[in-house]
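Heads up: the protein sequence lines correspond to chains A and B, in order. First residue of the first sequence: 1, per the working numbering; consecutive thereafter. First residue of the second sequence: 1001, per the working numbering; consecutive thereafter.
Among the clues, some could well be false.
[Unchecked claim] Computed spacing ranges between beta-carbons, pair by pair:
no., chain 1, residue 1, chain 2, residue 2, range
1, A, D84, B, R1115, 16 to 24 Å
2, B, D1007, A, M1, 41 to 49 Å
3, B, R1104, A, P97, 17 to 25 Å
4, B, T1069, A, R60, 22 to 30 Å
5, A, T103, B, T1030, 19 to 27 Å
6, A, T30, B, G1102, 23 to 31 Å
7, B, T1069, A, T101, 37 to 45 Å
8, B, P1003, A, A11, 43 to 51 Å
9, B, A1078, A, A42, 31 to 39 Å
10, B, Q1061, A, Q5, 31 to 39 Å
11, B, G1031, A, P97, 36 to 44 Å
[What the hints assert, rightly or not] Computed, partial: chain A to chain B, Cβ under 10 Å:
no., residue
12, P3
13, F15
14, L36
15, L48
16, E62
17, L63
18, W64
19, V81
20, L88
21, T103
22, L112
23, V114
24, F116
It should be emphasised that the hints constitute simulated quantities derived from the structure, not laboratory data. C-beta atoms are modelled at their ideal positions from N, C-alpha and C, and glycine is treated no differently.
There are 2 protein chains.
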Amino acid sequence: MSPQQIDEIVAAVHFDDGGLVPTVVTQFDTGELLMLAYMSDASLRRTLAERRAVYWSRSRQELWRKGDTSGNTQRVVALAVDCDADSLHLEVDQHGPACHTGTRTCFDGDPLAVRFTAPDA
Amino acid sequence: MSPQQIDEIVAAVHFDDGGLVPTVVTQFDTGELLMLAYMSDASLRRTLAERRAVYWSRSRQELWRKGDTSGNTQRVVALAVDCDADSLHLEVDQHGPACHTGTRTCFDGDPLAVRFTAPDA
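So that you can see chain A by itself, here it is in the shape it has in the complex:
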């Protein structure tokens, strides 16, 4: 991917007042929702250039190249912005668990998760 293409994509994204854009991350072949993370201008550029997911860690306030510590990397397959250009959809090939808790996705471990069984209730 050329630097010009990367510039064009980054320029189209509306980052929030903190310079971040929420990024929905799914497994490319199953569509499974893995996590929601945040990208900065710099992390988005590295993600596209390296084809490996790089986020901005809000807790650590630093670039977070996913898998550098855990080994649970994300190979980038596709990227799209939404209709308002204020969120991203990143499709990846997840290696190992996506969640730092060790579960496959960040939405697996919710003890209060609700599922309605009847079609109308």
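Position chain B against the provided structure of chain A, taking the given hints into account.
Just chain B now, kept in the frame of chain A:
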């Protein structure tokens, strides 16, 4: 769903400084990513009580009961919070297009969408 259950779920969510939580919305049976929206305490309560998706519109600064204008309602099937309790996954049954532009999802219309074809490039 009882008021006590709703209280318990809402209490577990970490809303941001603006009182909102980003919500990833998927079609319950296909897993398709439909949109990213935001919920406030009040919109989450109404979503659970009515089993219809109600968001907070950041542009209009008001509760947004999806489909009231367009007819494109979302019936709620499941809800989970993520590992940090700062994002939600809402599974819905989408009636009509999810996007206000008329496309099925809010990520369909991106002219700059990227898809890498080679497994490694």
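Out of the numbered hints, which ones does the structure contradict? The structure breaks hints 3, 4, 11, 12, 13, 16, 17, 18; every other hint is satisfied.
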